[in-house]
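J.: Residues per chain, in single letters:
2 protein chains.
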Amino acid sequence: MWSKIVKNRVSIRFWSSLVPDEPEGPCVLTDVPGPCSKKLKKDLGKMQYAGAVKVFGNYQKSIGNYLVDADDNVLLDMYAQISTLALGYNHPELLKVFQDEKNLKTMINRPALGVFPGEDQPKRVHSVVSQIAPCLPKINLMMCGACANEQTFKNVFIAYQRKKRGKKDFTDEEKHTAVINQPPGAPNLCILSFAGAFHGRTTGALATTHTKFIHKIDFPSLDWPVAHFPLYKYPLGEHERENAVEDKKSLAQVEDLIATYNKKDTPVAGVIVEPIQSEGGNNEASPKYFQELQKIVKKNNAYLVFDEVQTGGGGTGKFWCHEYFDLATPPDVVTFSKKFCLGGYFHSDELTPDKPFRVFNTWMGDPGKVIMLETIIRVMREQDLLDNVQEAGARLKCGLFELEEEFSEIMNSVRGPGTFLAFNIVKPELRDTVLQKLLQKGVLCGGCGDLGIRFRPALIFQKHHAEIVLDKLREVLNELNC
Amino acid sequence: MWSKIVKNRVSIRFWSSLVPDEPEGPCVLTDVPGPCSKKLKKDLGKMQYAGAVKVFGNYQKSIGNYLVDADDNVLLDMYAQISTLALGYNHPELLKVFQDEKNLKTMINRPALGVFPGEDQPKRVHSVVSQIAPCLPKINLMMCGACANEQTFKNVFIAYQRKKRGKKDFTDEEKHTAVINQPPGAPNLCILSFAGAFHGRTTGALATTHTKFIHKIDFPSLDWPVAHFPLYKYPLGEHERENAVEDKKSLAQVEDLIATYNKKDTPVAGVIVEPIQSEGGNNEASPKYFQELQKIVKKNNAYLVFDEVQTGGGGTGKFWCHEYFDLATPPDVVTFSKKFCLGGYFHSDELTPDKPFRVFNTWMGDPGKVIMLETIIRVMREQDLLDNVQEAGARLKCGLFELEEEFSEIMNSVRGPGTFLAFNIVKPELRDTVLQKLLQKGVLCGGCGDLGIRFRPALIFQKHHAEIVLDKLREVLNELNC
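Those protein sequence lines, which keep their order, are chains A and B.
Quick note, the first sequence lines up with residues 1 to 482 if you use my numbering.
Quick note, the second sequence lines up with residues 1 to 482 if you use my numbering.
The following block holds chain A by itself, in its conformation from the complex (with noise of 0.2 Å):
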């Protein structure tokens, strides 16, 4: 899509960074976290439960690809706040957003968009749709990614029901029982997701996710059938006739659950999937996977529903990642939330609601998000930052191939495209451990799966920093190895 639009580069200097006033590199002050991050941390617990808080950022001064911490540490940021950054900190255009007039007005008049949107709202949804749609005519807006993925189950299952119902009403019977959570008005229908996705925190979507038990134990769920994913070896060059095998049994453990779910009167009406696995570990699959998946879910009358919260965006080098995959026809639905700053989805006609209400909230999203959404699209094109991904990450992961060679006694696996990337590290405490050692050198990754250390920099991540992410990395893998 982004042919679509006539490129604008803008040239730049050798090195120069694309956001102004970054720092040169990553300059650790304290322990991280450092005295006053534990402070806080202890400040803020008394309200809130904050253990999983990891440093506290001081956002006045943060630029660019760096978090300047309440300890005044400078970190190179590669997780980009769980990989939301589109723009890094305080970007100069995002900055400009909100001191036009109509602007700040739209986003403090923050209206109920499904019944009384700004008169501006038509021509801002087109602006986006018109950008960035991926190959499907019609998009919904929500608050988060877990909203997103919940509403578009509901789609999923209006379409499923109107082909099985037809031309007929609603029964009373139906009427009825769906306000008391019984079939045949709540149906038996489910969605079928697979072992290590990732696709939210609330009941619906938490019934699709299957990362870590901490993230499900003691919440009771609904009984939707798990597929195997595929669970690839690297180098993928060296592995090919095994990973064919993984993609094999993915795809029959598909097709048996929908038999399966089917005979026992609780039919598959959607497929979820991620592009690549994020959070249980940037696990990827094959072009040749996600065809012959979506043949599947064709033939049994399903539809097919990609997670690109996490993926989408651009940090793959590309807008959508399952442009990589070449489809025959576009998915049923394509769900973001995240680099977007607000949820949503792009869907094809045929999953439009056909009476209002059926799908619907207070909210329905945020213009003000809308506008900075319009504004990271707008920069993305101007300084052809998707270029700019595959460049730097193309640069990241020939490094990380050559410390993999080097130190493959305690990392493998490099993986993923444009800076989307990731690594083994061979044990999980000592992944934990070189996260930490990172970290106390300025560059701040996530982790993800067991043994998995994930980047996810903001777009505006050039070659100069993933000289820095390198030389770090190769420190901590020579430290480890004496």
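For the record, the hints were derived by calculation from the structure and aren't laboratory data.
Just so you know, not all the hints are guaranteed correct.
[What the hints assert, rightly or not] Listed next, the in silico PhoX-like pairs over lysine-lysine satisfying Cα-Cα at most 20 Å (straight line):
{"no.": "1", "chain 1": "A", "residue 1": "K96", "chain 2": "B", "residue 2": "K102"}
{"no.": "2", "chain 1": "B", "residue 1": "K163", "chain 2": "B", "residue 2": "K299"}
{"no.": "3", "chain 1": "B", "residue 1": "K96", "chain 2": "A", "residue 2": "K96"}
[What the hints assert, rightly or not] The following label-pair restraints were derived from C-beta to C-beta distances:
{"no.": "4", "chain 1": "B", "residue 1": "E238", "chain 2": "A", "residue 2": "S127", "range": "54 to 60 Å"}
{"no.": "5", "chain 1": "B", "residue 1": "D72", "chain 2": "A", "residue 2": "K123", "range": "35 to 41 Å"}
{"no.": "6", "chain 1": "B", "residue 1": "E93", "chain 2": "A", "residue 2": "T30", "range": "34 to 40 Å"}
[Claimed, not checked] Which bits of chain B does chain A cover? Going by a derived footprint, with three or more residues having C-beta under 8 Å, they are:
{"no.": "7", "segment": "73 to 84"}
{"no.": "8", "segment": "95 to 103"}
{"no.": "9", "segment": "139 to 151"}
{"no.": "10", "segment": "465 to 478"}
Computed from a predicted structure; not experimentally measured.
Glycine included, every Cβ here is placed at the ideal spot set by N, Cα and C.
Starting from the known structure of chain A, fit chain B onto it as the hints suggest.
T.: The following block gives chain B in isolation, referenced to the frame of chain A:
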């Protein structure tokens, strides 16, 4: 909790509006919706399902209690964006907030608050908690009301299972089964809710929502118990005996359902209830009812959740509606959203999770919205808006009582505290006619239940606005009486 605050009442001129530059009254130039709204709806509908859109707003021109629509109709807004606007449109104090560079940066650099909160976050959270917490020590921030309820359920399930498990750790079987949605890791626990309740539209929240079939039909759900909610007859003074019978019927059902579900090995871990059922029809229950309900919940080792998403924030004339109930002890959880600009909940220490990442998501709220909430709380205090709501509400309710006496064959059952008012029209189609006729005269109200018309104005709604509403309603009732 307002008693803690030194009041700093701003004296106001008789009939002067709390927001400067409000028009003197509504002004309707076209059919509502008018040609511009109709055209915009057609435009939007090409990209997004727009079946529920009523009118498009001009949020540059809207001011105070007045929504200016795309056709320049000036509407007195008694619905305030589904009860979400605390200070009306373009309040000068809210327009100032992001002119402050620090606030602007906090908003733009929206961090993942659960892991990398800003160094100013503890102070901001403290300012909110110390001013508005309903006698509960802990807060958790989310994005919307449905998410607040969903995550609340998790706190409830964690605490319930912890009591049962004691100091034992999770078993391997629990860890393994949780990930694939099966007991004992994903145990058969439930939340009890009430007929006519509305708690949101994600799978867990929707399982406790029982308003209209159109909100639920075709969506799989959870077999969770639904108790009768008291349905009062009005005027209350004339129906004390019948209404007490309603209380007893509901409470007996709650006890029965808890016993039944405990027996079928799906224990009730929590009970969720609105202090006034809002979407369901402004259905009230007595303080005594809620006191008894709390006793039953406690006796059964479950937790009581008040959903104050719509009732919270001042519309009832108290900050929290459940303050009217004189409960023996605070409820276990109070959830909020709408007028608070973001979602969240206050909870007891007992409901604090014991480990990180059990109740978690990417954003955990939005610091930009917390800044808006701080401003709203300050303006409420400075302008004494709770007193204003009581005064304006008393005038409006008094006028409604007069109208229901005069037009008893059309309207009845005037009810509610503060400006959180409603009345019934005798037939559903006639109710819709009254709503449309009011809109055409420039007064925008909401429906609720089958027969209800609800008022949900902003907190800056005053007595002189009430006079306008009463005049227009009288005109409509007179027209229907002809």
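J.: Does each hint hold? Answer for all of them.
T.: Hint check results:
Note on A/K96 and B/K102: the hinted pairing holds, with a Cα-Cα distance of about 14 Å set against a maximum of 20 Å. A threshold of 20 Å between alpha carbons decides the hint, and for B/K163 with B/K299 the separation of about 14 Å falls inside it, so the pair holds. In summary, the hint linking B/K96 to A/K96 is supported, as the alpha carbons are separated by about 15 Å, within the 20 Å threshold. For the pair B/E238 and A/S127, the beta carbons lie near 58 Å from each other, so the given range of 54 to 60 Å is met.
Remark: the range hint 35 to 41 Å for B/D72 to A/K123 is contradicted by a beta-carbon distance near 18 Å. Judged by the Cβ atoms, the range 34 to 40 Å given for B/E93 and A/T30 holds: they are separated by roughly 38 Å. Only residues whose C-beta sits within less than 8 Å of a C-beta in chain A count toward coverage, and the segment 73 to 84 of chain B has 3 of them, enough to reach three; the restraint holds. Only when three residues or more bring their CB closer than 8 Å to a CB of chain A does the claim for the segment 95 to 103 of chain B stand; here the count is 4, and the claim holds.
Counting residues of the segment 139 to 151 of chain B whose C-beta lies closer than 8 Å to any C-beta of chain A gives 10; at least three are required, and the coverage claim holds. Remark: the segment 465 to 478 of chain B is not confirmed as covered by chain A, as 0 of its residues place a Cβ nearer than 8 Å to a Cβ of that chain, below the required three.
Hints 5, 10, counting from the list given before, are not met by this structure.
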